[in-house]
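Novice: Given the structure of chain A, go ahead and fit chains B and C onto it with the hints provided.
Residue numbers (numbering that gives the first Met the number 0), protein chains in the order written: chain A, 0 to 294; chain B, 0 to 346; chain C, 0 to 388.
A few of these clues could be false.
To spell it out: a stretch of chain A is covered by chain B in this simulated footprint if at least three of its residues, at any positions, have a beta carbon under 8 Å from a beta carbon of chain B; those stretches are [claimed, not checked]:
1. 83-95
2. 98-108
3. 273-286
What follows is a list of derived Cβ distance ranges for each label pair [claimed, not checked]:
4. A14/B / D28/C: 50 to 60 Å
5. A241/A / K242/C: 35 to 45 Å
6. L98/B / K358/C: 38 to 48 Å
7. I161/B / A81/A: 53 to 63 Å
Read the hints as simulated data drawn from the structure, not as lab findings.
What you are looking at is a predicted structure, and each value in this text was computed from that prediction instead of being measured.
Virtual Cβ for every residue (Gly too), placed ideally from N, Cα, C.
Chain residues, written in single-letter form:
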Amino acid sequence: MSGFDWLFFTEVSLAGLGAGALLALTGLAFVLIYKATKVVNLAIGEMLMIGAYVFFSFTAGLGLPWWAALIAALAAGGLLGAVVERAIIRPMLGESAISVFMVTIGLGSVLIGLVELTWGAAPTSLPDFMGKAPVFIGPAYVSRKIVIGFAVAAAVIAVFLIAFRYWRGGVALRATATDQGAAYSCGINVPAIFSMAWVFAGVAAAGAGVLVGAVGGISPNMGVFGLSALVVVIVGGLDSIAGALIGGILVGLIEAWAGTYLGGEYKLLTTFGLLLIVLMIRPYGLFGTVEIERL
Amino acid sequence: MRIGTAKQTYAADEALFDTNVQRAWMGLFIALCVAFPFMASEYWLYMACLVAIHVISVTGLNIVTGFTGLVSLGQAAFMGVGAYAVAYAETKLGTPALLNLLAAGLLTAAVGALVGIPSLRVKGLYLAIATIASSIILHFIFANWDSVTNGVKGVSVPPARIFGVELGRPFALYFLILPLAFLSVLGAANLFRTRIGRAFIAIRDRDISAEVLGIPLLRYKLMSFALASFYAGVAGGLWAYFFRVVTPESFPFVYSIFFLAAIIVGGMGSILGSILGAVFMTMVPEVLKIGVGVASPLLSDAVAVLSPVRTIVFGILIIGFLVFEPHGLAEIWSRIRRFFHLWPFKT
Amino acid sequence: MTLTRRSALALALAAGTALAAPAALAADDIVIAGSIPLTGVFAFAGVGVHAGIQDYVKIANDAGGIEGRKITYVAEDTAYKVDQSVAVFNKLTGANKVHLYYGDSTGFAKTINPELNRRGSILMAGASFATELNDPKAYPNQFMAGPDYTEMFGILLQHIAKVKPGAKVAFVNSDTEFGRDPIAPSEAMAKKLGLDVVVKIVTPPTAVDVSTEILKLRRADPDFTIFHGYVLAPLPEFMTQAKQLGLKTKFMGTFWSMDNSLWPKVGDAADGYMGVMPYRYYFDTEGKSSMLEKIRAMRPEYQSTPYMQGFLTAMLFVESARRTVKAGKELNGANLKAALNSIENFDTGGIIGTPITIKGNSIPVGRVYRFDAAKKSMVAESDWIQLGK
Numbered sequence: 000m001s002g003f004d005w006l007f008f009t010e011v012s013l014a015g016l017g018a019g020a021l022l023a024l025t026g027l028a029f030v031l032i033y034k035a036t037k038v039v040n041l042a043i044g045e046m047l048m049i050g051a052y053v054f055f056s057f058t059a060g061l062g063l064p065w066w067a068a069l070i071a072a073l074a075a076g077g078l079l080g081a082v083v084e085r086a087i088i089r090p091m092l093g094e095s096a097i098s099v100f101m102v103t104i105g106l107g108s109v110l111i112g113l114v115e116l117t118w119g120a121a122p123t124s125l126p127d128f129m130g131k132a133p134v135f136i137g138p139a140y141v142s143r144k145i146v147i148g149f150a151v152a153a154a155v156i157a158v159f160l161i162a163f164r165y166w167r168g169g170v171a172l173r174a175t176a177t178d179q180g181a182a183y184s185c186g187i188n189v190p191a192i193f194s195m196a197w198v199f200a201g202v203a204a205a206g207a208g209v210l211v212g213a214v215g216g217i218s219p220n221m222g223v224f225g226l227s228a229l230v231v232v233i234v235g236g237l238d239s240i241a242g243a244l245i246g247g248i249l250v251g252l253i254e255a256w257a258g259t260y261l262g263g264e265y266k267l268l269t270t271f272g273l274l275l276i277v278l279m280i281r282p283y284g285l286f287g288t289v290e291i292e293r294l
Numbered sequence: 000m001r002i003g004t005a006k007q008t009y010a011a012d013e014a015l016f017d018t019n020v021q022r023a024w025m026g027l028f029i030a031l032c033v034a035f036p037f038m039a040s041e042y043w044l045y046m047a048c049l050v051a052i053h054v055i056s057v058t059g060l061n062i063v064t065g066f067t068g069l070v071s072l073g074q075a076a077f078m079g080v081g082a083y084a085v086a087y088a089e090t091k092l093g094t095p096a097l098l099n100l101l102a103a104g105l106l107t108a109a110v111g112a113l114v115g116i117p118s119l120r121v122k123g124l125y126l127a128i129a130t131i132a133s134s135i136i137l138h139f140i141f142a143n144w145d146s147v148t149n150g151v152k153g154v155s156v157p158p159a160r161i162f163g164v165e166l167g168r169p170f171a172l173y174f175l176i177l178p179l180a181f182l183s184v185l186g187a188a189n190l191f192r193t194r195i196g197r198a199f200i201a202i203r204d205r206d207i208s209a210e211v212l213g214i215p216l217l218r219y220k221l222m223s224f225a226l227a228s229f230y231a232g233v234a235g236g237l238w239a240y241f242f243r244v245v246t247p248e249s250f251p252f253v254y255s256i257f258f259l260a261a262i263i264v265g266g267m268g269s270i271l272g273s274i275l276g277a278v279f280m281t282m283v284p285e286v287l288k289i290g291v292g293v294a295s296p297l298l299s300d301a302v303a304v305l306s307p308v309r310t311i312v313f314g315i316l317i318i319g320f321l322v323f324e325p326h327g328l329a330e331i332w333s334r335i336r337r338f339f340h341l342w343p344f345k346t
Numbered sequence: 000m001t002l003t004r005r006s007a008l009a010l011a012l013a014a015g016t017a018l019a020a021p022a023a024l025a026a027d028d029i030v031i032a033g034s035i036p037l038t039g040v041f042a043f044a045g046v047g048v049h050a051g052i053q054d055y056v057k058i059a060n061d062a063g064g065i066e067g068r069k070i071t072y073v074a075e076d077t078a079y080k081v082d083q084s085v086a087v088f089n090k091l092t093g094a095n096k097v098h099l100y101y102g103d104s105t106g107f108a109k110t111i112n113p114e115l116n117r118r119g120s121i122l123m124a125g126a127s128f129a130t131e132l133n134d135p136k137a138y139p140n141q142f143m144a145g146p147d148y149t150e151m152f153g154i155l156l157q158h159i160a161k162v163k164p165g166a167k168v169a170f171v172n173s174d175t176e177f178g179r180d181p182i183a184p185s186e187a188m189a190k191k192l193g194l195d196v197v198v199k200i201v202t203p204p205t206a207v208d209v210s211t212e213i214l215k216l217r218r219a220d221p222d223f224t225i226f227h228g229y230v231l232a233p234l235p236e237f238m239t240q241a242k243q244l245g246l247k248t249k250f251m252g253t254f255w256s257m258d259n260s261l262w263p264k265v266g267d268a269a270d271g272y273m274g275v276m277p278y279r280y281y282f283d284t285e286g287k288s289s290m291l292e293k294i295r296a297m298r299p300e301y302q303s304t305p306y307m308q309g310f311l312t313a314m315l316f317v318e319s320a321r322r323t324v325k326a327g328k329e330l331n332g333a334n335l336k337a338a339l340n341s342i343e344n345f346d347t348g349g350i351i352g353t354p355i356t357i358k359g360n361s362i363p364v365g366r367v368y369r370f371d372a373a374k375k376s377m378v379a380e381s382d383w384i385q386l387g388k
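If we strip away everything but chain A, and leave its shape as in the complex, we get (with noise of 0.2 Å):
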């Protein structure tokens, strides 16, 4: 060994960069709901293999181009995300949050046979529209497919901060997700704040579904990649976005260094030792709120 390959690293590091910024865009729908409603959906996997089989059968299927499959793909994420709520979700007000998070694997279920159903149990793959060529920054390659996923998900997780900060709307999410009594008491709108919540989290589903998608191709049981992803925001704090984009990365860095200096098998087994390390020094994520308990 001629010392350490430091370009090598730098590329390891910045596809690690890249495969954590896809799990911090699903990491957001998770938190925009967490936030809002108090709910751990743990159907959000199969939310975002829904946004990509729509966008499969409009390119490949209906032939359109891609910008209007992914319109057509998050306008189905977005729907979805509404009529779970409205249908599934808003009963179950009150539960206990265990009760709740079942419901969600409940949807699971029936997110996966739906899929099998219309589309078929055979994986596939969606068709090529981010180009071809290598990108290199300086001497280091870079997974074109993953320079476009940062930069997506980069961009949609700062116009949601900003929205958080400055919309009416997410400045009213926020009060909610602080006390939902004083929200209500303010003339807050809380159940249209909880389906704008689970809309908002069903587009940001379906545009990961999609970039997922175009990565490694698409199947009915895709939706194991939320899993993932529920790391991440466990890592991150379950209410904070930003947690989710620093816990993506944290998680997407440190799985790249795991996979390549030790080797594939050790991928899983580091990220959740990291988990469990995390959540025995900091029990509410990094940057997750604590909860105080009164009697």
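Specialist: Relative to chain A, chains B and C alone:
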């Protein structure tokens, strides 16, 4: 409360079965269970054994999740620990089967207590995720500790032998698995008549209040995890004897979700719920399959076409129960009982 | 098979009984049962296998069955879960007198093996090509309708050693039982063939992004990269990125990632992808293949490679049963297996392009096909390669 069962002592009030009618029903049920293997086909015996193994595991999970309020998504991985313990003992040490099962339970209990440590600081859903992490780590150990687990290839387990009798078929195993399931359920039911069980319930209802009442959270939370894992370990050991091959892929994460779904469908914090949930969730796919079979004359090749429907129905059942019947099958059961008790009056 | 006095006597006896009670036997169906994964992660294969078995059974019955006995096929969905597979096994064998069984996974094959040996009445094959199952001593009542995974690697490595002696090879496998199966023995085999295994990459089962693995591959710069333990993802991403980087490596895969419907959607990036196929494709027209013509007449649209696997498995089932019945022997596991192993230079009707001989539990024959993106289909790259010859 039934008419005509005024209790005069505390012992009577705490009894598991408080009326003679109940005892009679119970006796009939046991008699049926004993007679079952002589009447049933291979398939039904197989299902009965599987259900009984699930009952043990689900009862364990209900102790930690339903009664102590600590959500665990690691029950399948714990079963894996028990299964590997039995496989190792059976192939490398050659110790007797009942001892192996006990050892599997104890080892898994120790692992469970270790996994329970985050529960001291971490609560609610964060804890649920921490148990996912533990099960991923256990899975990694199963797949990579070659000298004990034989890596991804897994271990083939010889049939259980008890006092020289080989228990290879479901028919024979039934007489090992079912009594153990009975014992487990009885143990759990009695647990909640003791100080420890009540402490668990107090922790579930409000852990800070429980601490104020003088319940050491550390000890009881770990004890709850250890107990649940003991159940899982025994269930896993039986699983190993039942399927006779243990691989890392035998205990996937979805299996843990299956157990959690079973206690929710059955009824959280209810012993009866554990049983009903395990039976229901194990049988649903089979019943749906029969449904598909009934539909096949109407639709050509219904097996292939209608199969995804099963996945959907499975999900809808979970959602439906949680939305419309949050206390699960146990609640439906007691409603039916109440109806007969109070008939002809309305509830 | 040598004709000893005892077997001659048995033959005569059996012939006698067959003559004495032909009607009773004719009413007796020969039953093929199956645990088929029509849902779950392996559903894409299960659906094909199911159709393949159904079609061959229909062809065989139309041709008069086995010595006048009808063949029936019963199957149930398993969702690719071992416990459900075993449940299906118990159910189907309880309701029918099953002679032949199709199992859906390696886990199931291993789980049910003690029971098969105990019953001794069933011959089983299935969707698993696990190396471990290719052991007639441990798995006397099972076989696989193709080469096992190590043999698939062997076929690929032989092909490589022929076209480019001393080539640098990389192995990429998923971190599952399926993925790890052939890696260790294949490394030894590569060494024996004078090939240099420069890097072995393991990906976690849930891998989506493969950028870091590509970087490793780029550093190792192999001539050939063999994938195993995947169906489709993440192969296309590997190919796309390798093409972007201008890597010289050629990509190869094993049976389950060889279906022709997978690759046209991947497009140009998949051009030149090669893999081992034990069977002909639906659209292959070279040579004379009566069975492919029948399939094309029955089903005008493309049929998948799992379909061919199911079809051939059913053919071997029926052939074994036919030989057993013809010999007048009882239809049980040992006799069926012996009949299967008596298959020598057998013409599969073109499903496999060369006559096959089944010595043990596998058929170590295959051919390297290459994906041609311009034609949008797989084309033959090598001749049929028979291992151990």
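Novice: For every hint, state whether the structure bears it out.
Specialist: Going down the list of hints, with the structure as the test:
no.: 1; hint: 83-95; verdict: holds (count 4)
no.: 2; hint: 98-108; verdict: holds (count 10)
no.: 3; hint: 273-286; verdict: holds (count 7)
no.: 4; hint: A14/B / D28/C: 50 to 60 Å; verdict: holds (57 Å)
no.: 5; hint: A241/A / K242/C: 35 to 45 Å; verdict: holds (37 Å)
no.: 6; hint: L98/B / K358/C: 38 to 48 Å; verdict: holds (44 Å)
no.: 7; hint: I161/B / A81/A: 53 to 63 Å; verdict: holds (58 Å)
Going down the numbered hints, you'll see the structure goes against none, and every one checks out.
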